[in-house]
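Novice: Spelled out from the first residue to the last, the chains are:
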Amino acid sequence: MINDFLFIAASNPVTEIAHEFGVQPRYILSQIISFLVVLAILYFGAFKKILSTLDDRQRKIESGLKYADEMKLKLAESEKRQQETLREASQKAALMVDEARATAKDYLEKQTREAGERAEQILKKAEEAITLERKKMLAEVRGEIARLVVMTSSKVLARELSDDERSRFNSAAARELTSSN
Amino acid sequence: MRGSKQIRNTAKKLLQMSLENGEVSAERVSAVLNSLKAHPPRQYKAVLRGYLSLIRRELALSQAVVEHAGPLSGEILQSVESAFSSIYGRSVTAVAKDNPDLIAGLRIRVGSDVYDASIAQRLHELARAAN
Chain S
0 MINDFLFIAA SNPVTEIAHE FGVQPRYILS QIISFLVVLA ILYFGAFKKI
50 LSTLDDRQRK IESGLKYADE MKLKLAESEK RQQETLREAS QKAALMVDEA
100 RATAKDYLEK QTREAGERAE QILKKAEEAI TLERKKMLAE VRGEIARLVV
150 MTSSKVLARE LSDDERSRFN SAAARELTSS N
Chain H
0 MRGSKQIRNT AKKLLQMSLE NGEVSAERVS AVLNSLKAHP PRQYKAVLRG
50 YLSLIRRELA LSQAVVEHAG PLSGEILQSV ESAFSSIYGR SVTAVAKDNP
100 DLIAGLRIRV GSDVYDASIA QRLHELARAA N
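Protein chains in written order, with numbering that gives the first Met the number 0: chain S, 0 to 180; chain H, 0 to 130.
FYI, nobody ran anything at the bench for these hints, they're computed from the structure. Incorrect hints may have been included.
[To be verified] Where chain H lies over chain S, by a calculated footprint (3+ residues, C-beta under 8 Å):
# : region
1 : 13 to 20
2 : 148 to 160
[Unchecked claim] Computed list of chain H residues with no C-beta within reach of chain S, every gap over 12 Å:
#  : residue
3  : Asn8
4  : Ala10
5  : Gln15
6  : Val23
7  : Leu35
8  : His38
9  : Ile54
10 : Ala59
11 : Asp100
12 : Leu101
13 : Gln120
14 : Arg121
15 : Leu125
16 : Ala126
17 : Arg127
If you're wondering where the values come from, they're calculated on a predicted model, not measured in any experiment. In this text, a Cβ means the ideal position worked out from N, Cα and C, and glycines have one as well.
Kindly generate the complete structure, drawing on both the sequences and the hints.
Specialist: Below, the structure is given as structure tokens:
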């Protein structure tokens, strides 16, 4: 049977290739065992360490990529916060400018109002002073006129009254003083 | 200060001694002066000045100075004496004094009291009312 197999194999390209590589049916078992031994040695002695190293590198790469992603996220968040901060700062600045404008407007209105009030007070005081001066002047004129009238009347009476009229007036004055007291 | 008060009190006592029936008596004044001359008190001149001042004031209260402008009859003087004697409760003598500034009317002065019913006073009141 083996010979049949060999015969068939001798005419098969696969057999030819096996023959080229030194595969002998009689040594096939030992070769398989040798291969398995070499395979085990290579697996436990080299492949496992290489695979472990590759796994470590893979983990590091993944960790690096993950860190990069986190950094990207953080950067994006930071940019977002920065934008928000800038927007808030801009809003606050606009608010402050509005408040400053409103304050300036109020101050201007207050100053204008106070200036108007001061002007009114000055006008009022001036009017009062004018009125007072006018009253004083009128009083002086009235007093002067009264003084002139009295002086003129005195002179006229002193010149025009006769002794008889003076005597009658004296009698009337005596009656007035003696009867009233 | 105490000295002047003492002088005033002494002068007042001397005045009281000089009055007779509430009026200054010439005899009593002479007696007081003689007594002062015989027994001069402390600060003799000051006491005499105070006494003179009080006598003048008392005499002024007994005298009605009637200032007038124009003729003044004796009847008017008598009526003034009668009326002011009744007012002050003592004998008041009227003394006439011409004052042309009054224009017409009377101004009677008894002590420090003044009663005015003259044209000058009325014109003065008119001028004051006009002011």
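Novice: Each hint should be assessed against the structure and marked as holding or not.
Specialist: Each hint, compared with the structure:
1. 13 to 20: violated (count 0)
2. 148 to 160: Holds, because 7 residues of the region 148 to 160 of chain S bring their Cβ atoms closer than 8 Å to Cβ atoms of chain H.
3. Asn8: The claim holds: Asn8 of chain H sits with its nearest Cβ about 33 Å from chain S, beyond 12 Å.
4. Ala10: holds (30 Å)
5. Gln15: Answer for Gln15 of chain H: holds, closest chain S Cβ roughly 28 Å.
6. Val23: holds (23 Å)
7. Leu35: For Leu35 of chain H, whose nearest Cβ neighbour in chain S is about 38 Å away, the distance exceeds 12 Å, so it holds.
8. His38: Since the minimum Cβ distance to chain S is about 44 Å, His38 of chain H lies beyond 12 Å and the statement holds.
9. Ile54: holds (26 Å)
10. Ala59: holds (17 Å)
11. Asp100: violated (9 Å)
12. Leu101: The claim breaks: Leu101 of chain H does not keep its Cβ more than 12 Å from every Cβ of chain S (closest is about 9 Å).
13. Gln120: violated (10 Å)
14. Arg121: violated (10 Å)
15. Leu125: violated (6 Å)
16. Ala126: For Ala126 of chain H, whose nearest Cβ neighbour in chain S is about 4 Å away, the distance does not exceed 12 Å, so it is violated.
17. Arg127: violated (8 Å)
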